[in-house]
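Trainee: Residues per chain are reported as follows:
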Amino acid sequence: MISDRLYLYAIVNGVHPLESPLAGLAGTAVSLLPCYDLAAAVSPVMLDAVRPEPEQLLCHERVVEALMVQRSTLPVRFGTVLSGTDQVLATLAERHHTFAADLSRLEDQVEVGVRVLWDAEAVRRTRPEQALPITVARDDRPGTRYLLARAEEQAVERQLRWEAERLEAWCMTRLKPLATDASTQLLMTAAMPVSAVFLTPRTGVTALLEAAAHLQVERPDLQVVCSGPWPPYHFVTK
Amino acid sequence: MTSSAIREREVSLLELLDRILDKGVVIAGDLTISVADIDLIYLGLGVILTSVETLDKQRARYALGAGAVVAPEARAQQVND
Chain A
0 MISDRLYLYA
10 IVNGVHPLES
20 PLAGLAGTAV
30 SLLPCYDLAA
40 AVSPVMLDAV
50 RPEPEQLLCH
60 ERVVEALMVQ
70 RSTLPVRFGT
80 VLSGTDQVLA
90 TLAERHHTFA
100 ADLSRLEDQV
110 EVGVRVLWDA
120 EAVRRTRPEQ
130 ALPITVARDD
140 RPGTRYLLAR
150 AEEQAVERQL
160 RWEAERLEAW
170 CMTRLKPLAT
180 DASTQLLMTA
190 AMPVSAVFLT
200 PRTGVTALLE
210 AAAHLQVERP
220 DLQVVCSGPW
230 PPYHFVTK
Chain B
0 MTSSAIRERE
10 VSLLELLDRI
20 LDKGVVIAGD
30 LTISVADIDL
40 IYLGLGVILT
50 SVETLDKQRA
60 RYALGAGAVV
70 APEARAQQVN
80 D
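The listed protein sequences derive, respectively, from chains A and B.
Going letter by letter, the first sequence gives residues 0 to 237 in numbering that gives the first Met the number 0.
Going letter by letter, the second sequence gives residues 0 to 80 in numbering that gives the first Met the number 0.
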């Protein structure tokens, strides 16, 4: 069966050919479709063959990372299939200004993920009593018990949020000066008070990881886990 | 494949999922990975925590497709050395 569509891996700077062959999904050859000073990295694909399965996800990532070694690269979200060359070139032309600006801004930049983990139950147990903002005389009426329980739950959540914000500030104070840009999310899960990504030049990765390691030394009660360097997925203009 | 290799692969995939299914340049094409798939990323983050905690206990380094999950204390040791 002939592949009838194009799978898009990334937008890259420069229209010169690939330095070495790249294997895309299902072993198809990745090629570049030039448009002005940019190019789209694509390979032929059958529409119904693309699924978010481990082998395909890793293949997508391998292609993007191989491109990054060669030139400035904007990673495209997994699963982007276009109808053919005309649609790819029309997309590049339509958003050329945005892509060109991103490629310039993100040249030689990578992202590093930093996740701060805690024992959520332990944090809840150590919550100071004053976190409950009101004092109510205890009685056994169901309505009172219900309202007290609700107030208690809300106080705990506020306290966890406050603790997460403190940890975020701590991380950012130490790591943000080493980064070009950063983004954080608080309490993505109950056990993850801070999930941060830092954009940094390739040459700055080691310093960032060492600073993260020092955070771990300071707070052995937490787990500071880093990943990367990754292509700058979090920092492209969607 | 050993159990640690399987776990390593799971963590690697979940970190990857968090990025390539939810971030990156978005271009409207002929295929849409459904919202249900995206939700799986956040469901999977719970698995990341379990896996990462286990990894940390083992004080080992695990290579990722894009780099490495750093065992922080191991790195700190290197820094101090």
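Just so you know, the hints here were simulated from the structure itself, not pulled from any lab data.
Positions of the beta carbon are idealized from the N, C-alpha and C atoms, including for glycine.
Check each hint, because a few of them may be wrong.
[Stated by the list, open to error] Footprint (simulated), chain B over chain A, 3 or more residues, beta carbon under 8 Å:
id : segment
1  : 10–19
2  : 162–172
[Stated by the list, open to error] Each pair of labels, with its calculated beta carbon distance range:
id : chain 1 : residue 1 : chain 2 : residue 2 : range
3  : B       : V25       : A       : A148      : 37 to 47 Å
4  : A       : D139      : B       : V25       : 47 to 57 Å
5  : A       : R61       : B       : V25       : 19 to 29 Å
6  : B       : V25       : A       : A48       : 19 to 29 Å
[Unchecked claim] With a straight-line Cα cutoff of 25 Å, these simulated SDA-like cross-link-like pairs (lysine to any residue) come out:
id : chain 1 : residue 1 : chain 2 : residue 2
7  : A       : K175      : A       : L214
8  : A       : K175      : A       : W161
9  : A       : K237      : A       : R50
10 : A       : K237      : A       : Y145
11 : A       : K237      : B       : V25
12 : A       : K175      : A       : P200
13 : A       : K237      : A       : E64
14 : A       : K175      : B       : D29
15 : A       : K237      : A       : D85
16 : A       : K237      : A       : S103
17 : A       : K237      : A       : S71
18 : A       : K237      : B       : D21
19 : A       : K237      : A       : A65
20 : A       : K175      : A       : T125
21 : A       : K237      : A       : T97
22 : A       : K237      : B       : D29
23 : A       : K237      : B       : A27
24 : A       : K175      : B       : D21
Trainee: If a hint holds in the structure, say so; if it does not, say that too.
Mentor: Going through the hints against the structure:
no.	hint	in the structure
1	10–19	violated (count 1)
2	162–172	violated (count 0)
3	V25/B <-> A148/A: 37 to 47 Å	holds (43 Å)
4	D139/A <-> V25/B: 47 to 57 Å	holds (56 Å)
5	R61/A <-> V25/B: 19 to 29 Å	holds (21 Å)
6	V25/B <-> A48/A: 19 to 29 Å	holds (21 Å)
7	K175/A <-> L214/A	holds (13 Å)
8	K175/A <-> W161/A	holds (20 Å)
9	K237/A <-> R50/A	holds (21 Å)
10	K237/A <-> Y145/A	violated (45 Å)
11	K237/A <-> V25/B	holds (5 Å)
12	K175/A <-> P200/A	holds (13 Å)
13	K237/A <-> E64/A	holds (19 Å)
14	K175/A <-> D29/B	violated (39 Å)
15	K237/A <-> D85/A	holds (21 Å)
16	K237/A <-> S103/A	holds (16 Å)
17	K237/A <-> S71/A	holds (17 Å)
18	K237/A <-> D21/B	holds (10 Å)
19	K237/A <-> A65/A	holds (21 Å)
20	K175/A <-> T125/A	violated (29 Å)
21	K237/A <-> T97/A	holds (10 Å)
22	K237/A <-> D29/B	holds (17 Å)
23	K237/A <-> A27/B	holds (11 Å)
24	K175/A <-> D21/B	holds (23 Å)
Figure legend: structure checked against the earlier numbered hints; hints not met, in rising order: 1, 2, 10, 14, 20.
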